[in-house]
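> One-letter residues, chain by chain:
2 protein chains.
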Amino acid sequence: MIAIGERINGMFTDVKDAIAAKDPAPIVSLAKRQAAAGAAYLDINVGTAAADQAGTIKWLVETAQAAVPTPLCLDSQKPDVIRAGLSACDTSRGVLLNSSPLNKKSDPDVLARYVEMANSAGGSLIALTMDREGVPQNIDRRVEIAAELLTRCMELGLAPDRLFIDPIILPVNVPGAQAQPTNILAAIDQIRLMSDPPPHITMGLSNLSQGTTERSLINRTFLAMAMSHGADSAIIDVLDEPLVDIVATVEMLMNKQIYSDSFLKAYRSTAGGQRPDK
Amino acid sequence: MIAIGERINGMFTDVKDAIAAKDPAPIVSLAKRQAAAGAAYLDINVGTAAADQAGTIKWLVETAQAAVPTPLCLDSQKPDVIRAGLSACDTSRGVLLNSSPLNKKSDPDVLARYVEMANSAGGSLIALTMDREGVPQNIDRRVEIAAELLTRCMELGLAPDRLFIDPIILPVNVPGAQAQPTNILAAIDQIRLMSDPPPHITMGLSNLSQGTTERSLINRTFLAMAMSHGADSAIIDVLDEPLVDIVATVEMLMNKQIYSDSFLKAYRSTAGGQRPDK
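So the sequences go chain by chain: U and S. So in the numbering used here, spot 117 of the first sequence is number 119, and the numbers just go up one at a time. So in the numbering used here, spot 105 of the second sequence is number 107, and the numbers just go up one at a time.
Same shape as in the complex, but just chain U (with noise of 0.2 Å):
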């Protein structure tokens, strides 16, 4: 399970005040205290606060990257945020581009310069089953997406295991959306028979609970069914002891982690090591 830790982000409170002061200390609190708990990269989003999205970024990636050595998870809609992260980043270590959509109405050619900086940076990519036309609802026109994303990304030599297909959670509590975590394990069964090896999986888990009364429990439940259907990583609050005891029991499980009396601990202990550049 390749997690990524989610909580360096400009939406929390906490983050935005950082920023906002130009103080590192939050920031490394949370780097230090995320890869001790197993995240394999370390998101970085600069939120919509920040005014200057460049010189935000590059200063989250340096104070990030000097606190801890776990590769980091560039996180924006936007490709000029995305390489003044890259210019900071030290991508020897691997890094995570996050992300793309297929295309976009302004940008039809967004996809191929996400790929572009991947492929430079010698990291990997997210890409949304998403294009033009927004998030689809049906289960056909995602696997669709993730056909034609997987296609493209070949064409501009990203390979499949550099690939991270993300196949949009919707919160579960808005009308009409409840039919949608059903449909996203029936399209990862199918986006895993794309290629051999497979495009990873991964999700934002979070946002599947947003404005829900059991987020914590609702995200573990979940995160058990989706792997259980092949998904192997997701952006997740890795702070979450029982979300990260459940990843660890699903991985023991599954086959992925030898059975001792410890396995929670053995878990956490070599969790950030699973990347696809390691």
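Check the hints yourself; a few may be wrong.
Note that identical chains are pooled: a pair holds if it fits in a single copy or bridges any two copies.
[To be verified] Derived SDA-like pairs: lysine to any residue, alpha-carbon spacing no greater than 25 Å straight-line:
#	residue 1	residue 2
1	K267	P244
2	K258	T214
3	K267	N209
4	K258	A52
5	K258	S218
6	K34	D239
7	K267	D25
8	K258	Q180
9	K267	V176
Hints listed in this document are in silico derivations from the structure and should not be mistaken for laboratory results.
With the hints as your guide, set chain S onto chain U.
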């Protein structure tokens, strides 16, 4: 989710002692607590200590069904013990017989005898993916036996929606058994495609975690995985609240229960009604 409460079983010390003393109080208490926790059936198993198995199962059946209206799941590898249990059982509530293999060296027609009893009682049957050679270790033979069970039961007049196939979970900590959970998920995928409606899938969940240090965590993690592949029943400890929370969450995520902020409570108030004979 058709939850079968596992606790009235002579292998548990409290039940064994109650049987020895002919003390109905512990049985009544277990029946009431499991019914309140959402059990659709109460498993009734005399265990191995009682000398008079036929007399003991009759006493357990009479004691449990006087305490609660929940139907029973009569559990024995001996058809004569099942028959004794049925003679005392109010089958107008529904009844489940647990369980028959495809065949046995000592009793090649054992399945026909269980099916005949299930049909006479208007009930349902749990059948194991096990034959005269024992429990198969690979996916293909598990699926083949399931197909033979389904075909033979239909020939004998038991419809697929009255048949519960149990793919037999082994303890995950036994050397060599760690590939079994993944094999079982793959077998479930295939068994669910065999007929429309498909047979139910059930399993003796607690067996998976026998002898491990994290029993409840292992049980509830695998149950979420198995349900996401189509298991719609399990023989479980319904008094394990985190386990029932996971069941409720999977049902909500699979769109079988409408999301509300109180979905955990809502599940418990309706769970007992999910039975094929209602």
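> For which of the previously enumerated hints does the structure constitute a violation, in increasing order of number?
Hints 4 and 7 not satisfied by this model.
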